[in-house]
Amino acid sequence: MNTHYSVTLAMLAGLGLGAVAVERLHAQARPPVYQVVEIEPSNTEAYVKDYVPKAQAAIKAAGGKFLAAGGKTTTIEGEPPKPRVVVIQWDSVEKIQAYRDSAAFKDLLPLRSSLAKFRSYAVEAVPQ
Numbered sequence: 001m002n003t004h005y006s007v008t009l010a011m012l013a014g015l016g017l018g019a020v021a022v023e024r025l026h027a028q029a030r031p032p033v034y035q036v037v038e039i040e041p042s043n044t045e046a047y048v049k050d051y052v053p054k055a056q057a058a059i060k061a062a063g064g065k066f067l068a069a070g071g072k073t074t075t076i077e078g079e080p081p082k083p084r085v086v087v088i089q090w091d092s093v094e095k096i097q098a099y100r101d102s103a104a105f106k107d108l109l110p111l112r113s114s115l116a117k118f119r120s121y122a123v124e125a126v127p128q
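Start counting the sequence shown at 1; every next residue gets the next number (this note's numbering).
Hints are computed from structural coordinates only; laboratory data are not their basis. Bear in mind that the values here come from a model prediction, so they are computed numbers and not experimental data. Wrong hints could be hidden among the right ones.
Cβ pair distances, simulated, as ranges [stated by the list, open to error]:
1. K60 to P81: 19 to 25 Å
2. A125 to R100: 18 to 24 Å
3. T3 to A98: 47 to 53 Å
4. F66 to D101: 17 to 23 Å
5. N43 to A69: 15 to 21 Å
6. E77 to K106: 32 to 38 Å
7. E77 to L109: 29 to 35 Å
8. T75 to T44: 15 to 21 Å
9. L111 to G78: 27 to 33 Å
10. A46 to Q128: 20 to 26 Å
We put the beta carbon where it would ideally sit given N, CA and C, even for glycine.
Please put together the full structure from these sequences, using the hints given.
The structure is reproduced here in C-alpha cells:
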C-alpha cells in the first residue's frame, strides 16, 4: 500500500515540476517590450529633483527596468530627440498599461504635467 502512495506522490510531484518548467519556458519565449519616452522638461531642475525619484521608484515597483535614462543622446539621422530620452524594459504592454492605471502613476500626474511634456511609445522586441 505504501508503494502506491509513494508512486502517486512522485507522479504528482513530477507533474507539478513539469507544469512550472513549461510555464517558465513560455515566459522566456515571450520577448520583452521596450517603452521609449521622450521628455521635454519646462523646469529641468524641479523635474530632476521633485519628479524623477518618485517616478523611478514607482516604475521599478511596477516591474519596469531602466535601460537608459537621460544620458547623452547622439542623433544618427533626422531631427534630434527631445532633451531627455528614457528607455524602460517591461515584460509586456499589459504591464505598462497596469502601471499607467495604477494609483502610483495617477498620484504623479499633476506633478508630471506641471513639469514636462512627454511622448511615449512601446516597441516589442524581436523574438529570439
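Going through the numbered hints above, which ones does this structure break? Give me the numbers in ascending order.
10
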